[in-house]
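Asks: Once you've looked at the hints, dock chains E, V and U against the given chain D.
Chains as they are written, first to last, in my numbering: chain D, 1 to 253; chain E, 1 to 253; chain V, 1 to 253; chain U, 1 to 253.
Check the hints yourself; a few may be wrong.
Here are the simulated lysine-lysine pairs, DSSO-like style, with alpha carbons at most 27 Å apart [to be verified]:
id : chain 1 : residue 1 : chain 2 : residue 2
1  : V       : LYS100    : U       : LYS205
2  : D       : LYS181    : D       : LYS205
3  : E       : LYS205    : E       : LYS181
4  : E       : LYS100    : D       : LYS100
5  : V       : LYS205    : V       : LYS181
6  : U       : LYS205    : U       : LYS181
Residues from chain V shown here face chain U by an in silico Cβ test under 10 Å; the list is partial [as the list claims (entries may be wrong)]:
id : residue
7  : ASP86
8  : VAL89
9  : GLY103
10 : ASP137
11 : ASP201
Derived list of chain V stretches under chain E, where covered just means 3 residues or more per stretch with a C-beta under 8 Å from a C-beta of chain E [what the hints assert, rightly or not]:
id : stretch
12 : 15 to 27
13 : 58 to 71
Honestly, the hints are just simulated from the structure, not real lab data.
Here a beta-carbon is modelled for each residue, glycine too, at the ideal position from N, C-alpha and C.
Spelled out, the chains give:
Protein chains: 4
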Amino acid sequence: MPPIDINCDMGESFGNWTMGQDGEVMPYITSANIAGGFHAGDPHVMCETVELAADHDVGIGVHPGFPDKMGFGRRGIDATPEEVRDYVVYQLGALTAFAKRHGVTVAHVKPHGAMYSMLSESPEHARAVMEGMLEVDEELIYLATDMHIYEVARDVEGLRAVFEGYVDLDYRADRSLIVEKQLEERDPELVADRFVSIATDGVVKAANGEEIDVPADSICIHGDNPNAVEILEAIHDRLEEHGIELAPLSEIV
Amino acid sequence: MPPIDINCDMGESFGNWTMGQDGEVMPYITSANIAGGFHAGDPHVMCETVELAADHDVGIGVHPGFPDKMGFGRRGIDATPEEVRDYVVYQLGALTAFAKRHGVTVAHVKPHGAMYSMLSESPEHARAVMEGMLEVDEELIYLATDMHIYEVARDVEGLRAVFEGYVDLDYRADRSLIVEKQLEERDPELVADRFVSIATDGVVKAANGEEIDVPADSICIHGDNPNAVEILEAIHDRLEEHGIELAPLSEIV
Amino acid sequence: MPPIDINCDMGESFGNWTMGQDGEVMPYITSANIAGGFHAGDPHVMCETVELAADHDVGIGVHPGFPDKMGFGRRGIDATPEEVRDYVVYQLGALTAFAKRHGVTVAHVKPHGAMYSMLSESPEHARAVMEGMLEVDEELIYLATDMHIYEVARDVEGLRAVFEGYVDLDYRADRSLIVEKQLEERDPELVADRFVSIATDGVVKAANGEEIDVPADSICIHGDNPNAVEILEAIHDRLEEHGIELAPLSEIV
Amino acid sequence: MPPIDINCDMGESFGNWTMGQDGEVMPYITSANIAGGFHAGDPHVMCETVELAADHDVGIGVHPGFPDKMGFGRRGIDATPEEVRDYVVYQLGALTAFAKRHGVTVAHVKPHGAMYSMLSESPEHARAVMEGMLEVDEELIYLATDMHIYEVARDVEGLRAVFEGYVDLDYRADRSLIVEKQLEERDPELVADRFVSIATDGVVKAANGEEIDVPADSICIHGDNPNAVEILEAIHDRLEEHGIELAPLSEIV
Chain D
1 MPPIDINCDM
11 GESFGNWTMG
21 QDGEVMPYIT
31 SANIAGGFHA
41 GDPHVMCETV
51 ELAADHDVGI
61 GVHPGFPDKM
71 GFGRRGIDAT
81 PEEVRDYVVY
91 QLGALTAFAK
101 RHGVTVAHVK
111 PHGAMYSMLS
121 ESPEHARAVM
131 EGMLEVDEEL
141 IYLATDMHIY
151 EVARDVEGLR
161 AVFEGYVDLD
171 YRADRSLIVE
181 KQLEERDPEL
191 VADRFVSIAT
201 DGVVKAANGE
211 EIDVPADSIC
221 IHGDNPNAVE
231 ILEAIHDRLE
241 EHGIELAPLS
251 EIV
Chain E
1 MPPIDINCDM
11 GESFGNWTMG
21 QDGEVMPYIT
31 SANIAGGFHA
41 GDPHVMCETV
51 ELAADHDVGI
61 GVHPGFPDKM
71 GFGRRGIDAT
81 PEEVRDYVVY
91 QLGALTAFAK
101 RHGVTVAHVK
111 PHGAMYSMLS
121 ESPEHARAVM
131 EGMLEVDEEL
141 IYLATDMHIY
151 EVARDVEGLR
161 AVFEGYVDLD
171 YRADRSLIVE
181 KQLEERDPEL
191 VADRFVSIAT
201 DGVVKAANGE
211 EIDVPADSIC
221 IHGDNPNAVE
231 ILEAIHDRLE
241 EHGIELAPLS
251 EIV
Chain V
1 MPPIDINCDM
11 GESFGNWTMG
21 QDGEVMPYIT
31 SANIAGGFHA
41 GDPHVMCETV
51 ELAADHDVGI
61 GVHPGFPDKM
71 GFGRRGIDAT
81 PEEVRDYVVY
91 QLGALTAFAK
101 RHGVTVAHVK
111 PHGAMYSMLS
121 ESPEHARAVM
131 EGMLEVDEEL
141 IYLATDMHIY
151 EVARDVEGLR
161 AVFEGYVDLD
171 YRADRSLIVE
181 KQLEERDPEL
191 VADRFVSIAT
201 DGVVKAANGE
211 EIDVPADSIC
221 IHGDNPNAVE
231 ILEAIHDRLE
241 EHGIELAPLS
251 EIV
Chain U
1 MPPIDINCDM
11 GESFGNWTMG
21 QDGEVMPYIT
31 SANIAGGFHA
41 GDPHVMCETV
51 ELAADHDVGI
61 GVHPGFPDKM
71 GFGRRGIDAT
81 PEEVRDYVVY
91 QLGALTAFAK
101 RHGVTVAHVK
111 PHGAMYSMLS
121 ESPEHARAVM
131 EGMLEVDEEL
141 IYLATDMHIY
151 EVARDVEGLR
161 AVFEGYVDLD
171 YRADRSLIVE
181 KQLEERDPEL
191 VADRFVSIAT
201 DGVVKAANGE
211 EIDVPADSIC
221 IHGDNPNAVE
231 ILEAIHDRLE
241 EHGIELAPLS
251 EIV
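Excised from the complex, chain D in its bound form (with noise of 0.2 Å):
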């Protein structure tokens, strides 16, 4: 059985406004999403959180979105194939900087919100972006959350890419998720049982009670989820019984 990867996003305090609850998550996960300083984060939260994610040996990637924290990035932004490619190379970049002085390595891309829609719904900002990304780095894998955009993203010559599948949302039948407005608290041991089946098996219990294929390689946890951190507890008390190995996307492919 391959290891198995557990990202989170990080880094969306902006100034003085703090959001999610990034020193608790850390030791916890083994891959973080760091935003880019366009739908959340700036410098200052940048280098804080990969310093974070250094000293709890966390891989990193960059969690670009659009220019727009007014909506967190969560709007759609009709823009070019072009522009969304630069706004990801120009995050990665920066992020891969304060990576450097951290002395660690940017692994992996994972669009945020309306961006990753975009990405989903539009293979030719897909390639734009993963073929940008490649030009920056040759090494950078894409973190894809769902198959149409792992297929785009492995159609893309050279690229490696990751699926991720979700424990604390609902699936529908249809591997599609069932987001939520506002996020609940998950009953942590519910979770911890989808992470294991998807760990071990590949499979998941849609909400309709159906099993369905996940074949996910990371695993994504909310860590604004109210209950993030208990949730992440219950998933590290089952991996030794059940003989699961964790590992940053770095080692996985």
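Replies: Here is chains E, V and U on its own, set in the frame of chain D:
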């Protein structure tokens, strides 16, 4: 006689607003200081400016500014040394990613406007920025606009620094510059005379007629001067006669 | 024959970046649509533009845009009706304060670029904006760029609306406009012919030669057209001969 | 004994980032200083905050800041008097439009953070702002945080000014405030004692035990103090016993 560099601020357009005459000026210079998206520039402008420089074999550096587009980075902001360092690291990283896409290397750092003034007045801020840039890339060169900061730079272990002179502005006898509110056309021949004088003898005539030392290895030309191209042509017309060779910063130190 | 208004977008400079030729165009128009600081403009530019309009007895309105200076407000943003309404109310209020300082009144609202397109396509967004502006000031006029939105405006209880026509762009036979990527110089005499034709008969020739109805009480001139001033002079030269009177929007409805 | 006002900064959330506890604090205060969207706040937050204040019959004023969300308006920016005036006019106008939508009136202006400090140190900047606000609305009250600026305000022809005192911070004997980096919980009874002392006798004990004059007609409470609500309850519990009446600023001057 060692070669000399000609540097110019570039990439200061923003979105639909254009500034400068980058395309016209680029053929005559050897180093481009490219705005990092804080006081001017944006990801698309940076991408295009790096490409333009690469097409002309012009060396590139980052021209980082304060996050103040409304004030064009020309107003002091009471930021801490760590904040300013992180602004520089962020913009340096962003430019580096575009450089990688275009197969070139970021060679130098030259802070813009009020950030430059702050570093010149506060050695603590200057050292924070210089140490930060070295932690990102120890090959980077600091392009120093005055002697105060040049000396701070030379005291930073491992940092290479280049002192720059001006020929399209007048010096006072104390080697401070007489900065105009609005750049005026300059007599190209007079400017070219000064260029030759600095390049060959390291001296120039101040406004009061006194000859002063300007031990510069790079000359800064204002690309937004109305007759910048004419000035640059006049300079190039003198090179052969005086045996002056041009070279980008990376070939000078 | 009722008087007709000439409106033009103004105040689209930002910080050190200039755009348009407001000073040259202002003497020829009767209504200025002033950018509200979101897609273009800033407090200082707004202040100066209001003063310029006041000096020429030109009526003013707000030209609100999406909060997207990098895209100049020309990219759709998936904002809710309430968000868009609040963007308009905010920019309207800001302009009103500058108007009060200069002893003039904000007469109208004309959304810019992608915000205009959104309102034209979504009556729900359009109504939210229109009701919001009436709640701020029930005297305000909505300047409508197409028939869809004109009809929505006329259905909003208590709202006065004016339909505007174009003479420096070509119409299709279905009264949609052929928008150019880059504004081109236009034959001033041809443009002036169209102006007279709309002002006197409410008709204009479409690109295919067909005569179409354009029942406009205001004509929009693009101030960033390279020969905008020449066009405006040609229009003014025809006024007396055809007995056409100019008046700002507030005197028309 | 004249009535006294309790004012509190409000509306400092931004997009998805929340700050303060406006809903909990609003029932206890008489004047809300609402952020204008430059250092904090956005159009939607402003709209909701005005509505919340209106629901509680709380007077409103604008709390304008420098255009520096990353620094929360707490960093000095070398802006000219005219620039600062225009920033205040812009934000004042924006808030006024939301006030009109909700049928209430903007009563006062209280600059935030580094802008307040600048006005306190530079009478030229202070006068530019004060004259600007009067040109917009001559009924507006300037809420003055220290005696320097209070005196400048009283010298501006036609301007009404109110001096405010603090009870959840300590005064030095020279009536300067000991500002904490991080607001700490305060003993509600001690704070309420101070409130009564200022409201009834215009005096308070400084940190060194000396009694000093604080001739305040308004008391500022920090809504982001961890026990702000408890403090406000303790203050309200004393009102009847001491015959202290609360009233918004507009009913005080």
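Asks: Run every hint past the structure and note whether it holds.
Replies: Consistency of the hints with the structure:
no.: 1; hint: V:LYS100 to U:LYS205; result: violated, 44 Å
no.: 2; hint: D:LYS181 to D:LYS205; result: holds, 22 Å
no.: 3; hint: E:LYS205 to E:LYS181; result: holds, 22 Å
no.: 4; hint: E:LYS100 to D:LYS100; result: holds, 15 Å
no.: 5; hint: V:LYS205 to V:LYS181; result: holds, 22 Å
no.: 6; hint: U:LYS205 to U:LYS181; result: holds, 22 Å
no.: 7; hint: ASP86; result: holds, 4 Å
no.: 8; hint: VAL89; result: holds, 5 Å
no.: 9; hint: GLY103; result: holds, 9 Å
no.: 10; hint: ASP137; result: holds, 7 Å
no.: 11; hint: ASP201; result: violated, 39 Å
no.: 12; hint: 15 to 27; result: holds (count 5)
no.: 13; hint: 58 to 71; result: holds (count 3)
When the structure is compared with the earlier hints, violations turn up for hints 1, 11 and for no others.
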